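Enquirer: The lines below spell out each chain.
Number of protein chains: 2
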Amino acid sequence: MTTIEDVAKLTGYSRATVSRVINNYPYVSEEKRRKVLQAMEQLGYVPNSIARQLRTRINETIGVLIPRLSNPFFSKLVDSMESIAAENGFQVIVCQTRSEKSRELLYLNWLKTRQMGGVIMASSENDWDVIKEYRAFGPIIFCNEYPPHTEAPIICLDQHKGGYIGTKHLIERGHTKIAHCYAGSQFTNIRERFTGQKQALEECGLELREEWIFKDAYDTQDGRRIYYEMMALENRPDGVFTSSDEVALGILAEARKNHTKVPEELAVLGFDDQPIAELVYPSISTVHQPVEKMGKAAIELMISLLKGEREPRQQVIELPLHLVIREST
Amino acid sequence: MTTIEDVAKLTGYSRATVSRVINNYPYVSEEKRRKVLQAMEQLGYVPNSIARQLRTRINETIGVLIPRLSNPFFSKLVDSMESIAAENGFQVIVCQTRSEKSRELLYLNWLKTRQMGGVIMASSENDWDVIKEYRAFGPIIFCNEYPPHTEAPIICLDQHKGGYIGTKHLIERGHTKIAHCYAGSQFTNIRERFTGQKQALEECGLELREEWIFKDAYDTQDGRRIYYEMMALENRPDGVFTSSDEVALGILAEARKNHTKVPEELAVLGFDDQPIAELVYPSISTVHQPVEKMGKAAIELMISLLKGEREPRQQVIELPLHLVIREST
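If you read the sequences in order, they're chains R and D.
Residue 55 in the UniProt record's numbering sits at position 55 of the first sequence, with consecutive numbering throughout.
Residue 1 in the UniProt record's numbering sits at position 1 of the second sequence, with consecutive numbering throughout.
Calculated directly from the structure, the hints in this document are not laboratory data.
Note that this is a predicted model, so its numbers are computed, not measured.
Take the hints with a grain of salt, since some may be wrong.
To be verified - DSSO-like cross-link-like pairs, simulated, lysine-lysine; straight-line CA separation at most 27 Å:
hint: 1; chain 1: D; residue 1: K112; chain 2: R; residue 2: K32
hint: 2; chain 1: D; residue 1: K257; chain 2: D; residue 2: K215
hint: 3; chain 1: D; residue 1: K132; chain 2: R; residue 2: K112
hint: 4; chain 1: D; residue 1: K132; chain 2: D; residue 2: K261
So here's chain R without its partners, still in its complex pose:
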């Protein structure tokens, strides 16, 4: 077998110089680099580090696909995954899809080029039929959000129950006209929360008017807009299930400016239980999502898949949600 000494002999450089080229150190002249690489190809020399990488089979880089890091839900999720990955000698690559189908495929392609060993999808824009083609190149698991008909491991939260207990709480506080805000209709989570809300309303014989359903509710700006849309209605809601603490925050900011009494005239329920929910005035009642537990479960599963300790079979691990009651309801 060819050794580093053979390459040194053929080029006339020292073993150290050859090593510096192999390991890609800076401050090596272009000519030396070229000659060493030429000799390596000529002799068919495979550096040990690369040979080892081929032998061990484990690619220790895990891609985590999220819409945006600036959403605290996702930064907290990546935070929890990264800690456990690092403890186990794995690396987490953050991939922001910005909810774009094409960016999601760009990152999935990094599985093909071996820039990642496996992918955890915390959001998904493409259909399962498109995503499943990438399974041949490494394990894919879903965490939080997943497309319909997914045949991969899923770690998620019981969103139906989240919608149900949140709405029940608003009803118990005496509210009867309860609006619903949602982000994008393609999300499983969103649909689950919606069916949860509808179940709670139906059980109490309450209606959900079409005009009380507000879409494109992602952040505080959307919350502000929705506040005015609600107030412009002749038959105004007296409670709102926002699906997001940030949307709740935007609604509450405008309610304060316009002297709408919270929770008497308008009860506002958040979703997530971000740190901010407790700190603002009025503090936000919300549905607590155990983000850290979910991140831990997903990264541990991925590490064991990459180590070959488990098979990536279809399974759903569902974690429970619970209600946190504060001032906004």
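Place chain D on chain R using the hints.
Expert: For chain D alone, coordinates are given in the frame of chain R:
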């Protein structure tokens, strides 16, 4: 030169099977894998993808060292870097040091093992004498925070001016007993803000009493604690420069509970201008840090260093800060 066909011939497997082993696809039997790797070593075959990686010299993975992603300042910083990296075909690995010296060194070591091509340090725990040893393995640049005597590129914000204009504003609003909160004394940023505050006070003949200086001010919990520490003083401050929107938020939450009038009895100045600063009640006056601009400058510099378009020479790029006046002052 040895080709993939030679490996196929020697093993008796198809070209496709050899390719699956090289590219580390799942569902290849252990025996096939072993035989192919053996033949590769015997023949000295270097897969094209690896040969290309050696030839192009560019390691497209950039490590970004931050204390924690759950701090919105750092998630926003990584967010801005990741977008530009992805557009240029580079990947960002998030490395949470949790402000621990040992974890910082663990990640810097990933330069040695080629898990990263370069490192952007957005925080630094170790001394420059320790960090500089890793420069031999790839470019290191500092972004936001840096240790004294650094001989590497630095992208930072004019923190002295931040301390100065923030304090001047509190003085102009009629406050004369202005407290100072800071995180850890090892941070350059923190020291710069402190000297800025002292300069503003000295120019106006105001004193900064030892008991008005509060350390370990990182988050909302610390802000809550500091509120009570301030209120317990005989000679209470009537304004506070918090060095952080999150600390300001904690102080304001307790001020509200205890009916302390803001800003009359206590004016509170944040730092960062996080989205939350505008949304809470009272909204937080703060010093705006152009996080996205800083992240963009750092990642663009790193990409050009990795491409060999520039040399990693010592330089300081300082971006300006400005004041945003809201209700808390």
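Enquirer: Each of the hints needs a verdict: does it hold here or not?
Expert: Cross-check of the supplied hints:
1. D:K112 <-> R:K32: Holds: K112 of chain D and K32 of chain R sit about 21 Å apart, inside 27 Å.
2. D:K257 <-> D:K215: Within the cut-off at roughly 23 Å; holds.
3. D:K132 <-> R:K112: Violated, at roughly 35 Å.
4. D:K132 <-> D:K261: violated (50 Å)
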